[in-house]
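> Spelled out from the first residue to the last, the chains are:
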Amino acid sequence: MTASGFARSKNGQRAIVAVVLLLAVLYPLAFDTLATQMDVAIFVLAYVMMALGLNIVVGFAGLLDLGYVAFYAIGAYSIGWLASDHFTGIGGEKGIHVLVSDFVQSSSGIHVNFFLVLVAAMIIAAVLGALIGLPTLRLRGDYIAIVTLAFGEIIGRIALNGDEITFGQYQLTNGQQAISPVDQPFLPGVNYEFDSAFNLRPYYWTGLVLLCFTLFVNFRLRDSRLGRAWIALREDEVAAASTGIPLVRTKLLAYAAGAALGGIAGAFLGSYNNAINSNQFQFSFSIFVLAMVILGGMGSIWGVTAGAFALALIDRYLIPEVFDDLPSTFGLDFQLTQLSFGIFGFLLVLIMILRPEGLFPERRRKLELTEGVGTDETVYEARM
Amino acid sequence: MTPLLQASAVSKIFGGLVAVNEVTFEIPHKSIVSIIGPNGAGKTTFFNMLTGLYRPTTGMIAFDGTDITAMRPDRILAAGIARTFQNIRLFATMSARENVMVGQHARMSGGVFGSILRTPKVRAEESRVHEKAGEMLELVGLARKEYDQTAINLSYGDQRRVEIARALASEPQLLLLDEPTAGMNPQESDRLTAFMRELRDERDLTILLIEHDMKVVMGVSERITVLDHGEKIAEGDPTEVRANPLVVEAYLGKQA
Chain B
114 MTASGFARSK NGQRAIVAVV LLLAVLYPLA FDTLATQMDV AIFVLAYVMM
164 ALGLNIVVGF AGLLDLGYVA FYAIGAYSIG WLASDHFTGI GGEKGIHVLV
214 SDFVQSSSGI HVNFFLVLVA AMIIAAVLGA LIGLPTLRLR GDYIAIVTLA
264 FGEIIGRIAL NGDEITFGQY QLTNGQQAIS PVDQPFLPGV NYEFDSAFNL
314 RPYYWTGLVL LCFTLFVNFR LRDSRLGRAW IALREDEVAA ASTGIPLVRT
364 KLLAYAAGAA LGGIAGAFLG SYNNAINSNQ FQFSFSIFVL AMVILGGMGS
414 IWGVTAGAFA LALIDRYLIP EVFDDLPSTF GLDFQLTQLS FGIFGFLLVL
464 IMILRPEGLF PERRRKLELT EGVGTDETVY EARM
Chain E
82 MTPLLQASAV SKIFGGLVAV NEVTFEIPHK SIVSIIGPNG AGKTTFFNML
132 TGLYRPTTGM IAFDGTDITA MRPDRILAAG IARTFQNIRL FATMSARENV
182 MVGQHARMSG GVFGSILRTP KVRAEESRVH EKAGEMLELV GLARKEYDQT
232 AINLSYGDQR RVEIARALAS EPQLLLLDEP TAGMNPQESD RLTAFMRELR
282 DERDLTILLI EHDMKVVMGV SERITVLDHG EKIAEGDPTE VRANPLVVEA
332 YLGKQA
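Just so you know, the sequences run in chain order B and E.
Residue numbering for the first sequence follows this note's numbering, beginning at 114 and increasing consecutively.
Residue numbering for the second sequence follows this note's numbering, beginning at 82 and increasing consecutively.
It is possible that some hints are incorrect.
[Unchecked claim] No more than 25 Å apart at the CA atoms, straight line, and that leaves these computed lysine to any residue pairs for SDA-like:
hint	chain 1	residue 1	chain 2	residue 2
1	B	K123	E	E283
2	B	K479	B	Q126
3	E	K202	B	F326
4	E	K296	E	E252
5	B	K479	E	N234
6	B	K123	E	T231
7	E	K226	B	R477
8	E	K313	E	P326
9	B	K123	E	E207
10	E	K202	B	R477
11	E	K213	E	E283
If you are wondering where the hints come from, they were derived from the structure by calculation, not from laboratory data.
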């Protein structure tokens, strides 16, 4: 069997996945507990999760979403609200505590266990994802993109100006002042609290577990009744509706599922950053995540994983850590970080020219691209 | 006995164009009926109203005792009306089998959480649907080696077969076929005609077809409705329709 034949066979794939997973699990042992490589890896994990979430909306269901940063924000604020001192006076100054460490137990505000917040973030993001999806239901292609872009901006603006939105003594978001500090994950049974100030390994492993969960959800949904319905409506809405697929429900489920995964990643990253700052939620981030999906190959789970991995690594490591001083060696007076979006733009253009279907394209997407499959016809008349 | 489908004074107006004008139409249980008419007569528009893609401007459509006027297409399918399209609309990148599996969507119940957890119920449903897709493909006569072929790579005739299999997979009571023999040679048309009868006789299906091939229409239909310029100009059994001067005129033009 040839090497590529092995890589394509089922057992070959399993073996590759097992080896990669093992390496990923052992990765922290190669570095110091607070090494930059650990910090980078944690961000990479979170970004891959977000790209996989967006892949459900864009890759599976074919709904172009330019406002995905909204779910990062929602996830992050979920943990900001539910696991920090933000709501100081609540519960008669004593605060509300659910399964938290002794250290947090004594502080005011709402403090819900990190892992419960993940679930809450998922639910909140899913509901908001579906709500954001509602106005796009009668739209197609570019028009959907515009509406989602607007929603991403709305959430971003609310985050930014949320310090002016007050109810009682509380501000909604703290804007650029950030909600900080945010609780660290805590395992109640074993009484173990993570602390990113001393050791990044637990965060890394948590992120890895969450990423595996995200991958698992992606695979299971792709190979399900719902996954087939997404492909059907992506390719031909009229035929899909006539074949018994409820368009509204199916689209909203795509938005909700994608948002839920973004919410988890957002809550994870919010806790890790130890601060929820409105500056994190800018339009450019939506494009960044979309670029990961496109680079890797829309709809292809491993492709998107690889694309996200590559871009996240470039963004968090190669540009700021490795090549940042490169321009100065040529006598230029700027840092490479100032160019990062230019670099991503360039990479995208390159991909569009050389390999428009992405690095590891999904079979169907490739066919759609080369054979011109799919119609833009909409079920204009049917009541939604 | 009330007819399976009853359309009363159904009209469809696009802007200033009256595509279908007050057509009243019935389909008795377990019958094979046809709609014929020259191009642009409003046949497909009428089909689209029956399946919920278009909302009738006026009029009412009742199916099996329920009002389905302007019901959503997926609900209408679930109620028991399935269709094929004049220009084949398979999901091009899916295999033949997957297409037919999608056809069973309305008869499945697996939800998001069930699918993620792959509960025993979902697992059983998936394998049932997979198997049934095979049965349907066998029924329409697709060669076994083509089951996992991508739809876009199937021959034209096979694509038509798969589309019928996809419609049948939803367990309809009424099957709407929009020019099913278009592009078929006479032998294939004959086979399809026989197949339609078989579906009616053995599976209690009611069939409505739009068809241009008069040999097929006259051979298989119990009743024929003729549309011209959106209006019903004639109705009756094949011999009556054939003898109707209005029909001859619609097709051949007025005698000078």
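> For every hint, state whether the structure bears it out.
Here's how the hints hold up against the structure:
no.	hint	verdict
1	B:K123 to E:E283	violated (42 Å)
2	B:K479 to B:Q126	holds (21 Å)
3	E:K202 to B:F326	holds (22 Å)
4	E:K296 to E:E252	violated (28 Å)
5	B:K479 to E:N234	holds (14 Å)
6	B:K123 to E:T231	holds (20 Å)
7	E:K226 to B:R477	holds (20 Å)
8	E:K313 to E:P326	holds (14 Å)
9	B:K123 to E:E207	holds (20 Å)
10	E:K202 to B:R477	violated (28 Å)
11	E:K213 to E:E283	holds (17 Å)
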